[in-house]
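Since the structure of chain X is provided, determine the placement of chain P on it from the hints.
The residues making up each chain are set out below.
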Amino acid sequence: MSEALPFGSLFAIAAMALATYLCRISGVVLMSRIRLTPRVQRGLSALPGSIVVATVLPIAVRTGPDAIGGVVAAILSMRIVKNELVALLVGLAVAAGIRAAAGL
Amino acid sequence: MTSTRPTITPKGLLEGAVLLLPLLPGLIVYGLAFGAAAAHRGVSLTEAIALSGIVYAGAAQMVSLEVWRETWTPGSVLTVALITATVNARFVLMGASLQPWLRGTPPLTAGSWLFFLVDANWLIASRYREGGGRDFGVFLGAGLLSWVLWIAATIPGHMAGTLVTEPRRYALDLVMPIFFAAMAVPLWRGVKASGRPWAVAGAVALAASLVAPGYAFIVAGALAGALTAALTEPDLE
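For the protein sequence lines, the chains are X and P, in the order given. Numbers 1 to 104, taken from our numbering, label the letters of the first sequence in order. Numbers 1 to 237, taken from our numbering, label the letters of the second sequence in order.
Next comes chain X alone, as it looks inside the complex:
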């Protein structure tokens, strides 16, 4: 397993592309073999929200007060103005502001 491959980076890129594509299709392939019972339906419809929470919370906590402030500000502005761009800009501004103020 230690011999150098000719055009090795091509293999690396192809392997990464294959791994990524398999991730992209396997959820759909898997679920097409499962009957959509009400139970499965409920699980699937809770998936988007769960993915969002499972992504945001650890990243915010891991990053620190700048990210937590930005995330909270984005949620609040989304609730008030219901516009993604405004929410994103407010969130980024708050995070950048906290960074500048705290010297992070």
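Derived by calculation from the structure, the hints in this document are not laboratory data. Please read all numbers here as calculations on a predicted model, not as lab measurements. Where hints are given, some of them may not hold.
Computed from the model, here is a short list of chain X residues facing chain P with C-beta under 7 Å [as the list claims (entries may be wrong)]:
1. Phe11
2. Val28
3. Gly64
The beta-carbon is built from N, C-alpha and C at its ideal position, and this holds for glycine as well.
Showing chain P alone in chain X's frame:
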């Protein structure tokens, strides 16, 4: 309702592209940053373009640079593939959540559409569908535009590695989590439907992020949330 074949209309494609607009600055800066980082690691311009064009997964591309090398052995190729799969494991769940929408689509067609699955267009499409939309063009429109711009941003980033000197200063490294947080608002369906799954998803993800390496926490938390919803009987009202 969920069994009707998804349609794709020009209107849907356009709507998807428009819904992506707020994310374009972040996407472009991220693409520039990847190009610059790739150049720094000795990845050629052609290789960087190939990575952005056929892997098309920002976080995985960035992480792969950590283990990038000049000469590759079968072992190191396998390693980079495994790292990529771990970072992209969330796509498995995102695909699963799209599956009811794709019922009735010929496998090859669905397979080609899914090449464009990334965080941004999955989120935009999920939110659109939550609001009653059915046009799969929204997913594709956002995915195609972000694919083109992702590749396009990689090139100048690679050629002028110092183009984006301080993305951190403007918190641009936080675009994705902050956008995700904003999009959580329309995905919230009230305490009864979303309360328990979200709480479990958050708690499990947080706990997993402390013990497991990499991005496994996303998959662990999301699965726990979906399972909670599946196992909870809905209140009959």
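Taking each numbered hint in turn, which are not upheld by the structure, reported in ascending numerical order?
3
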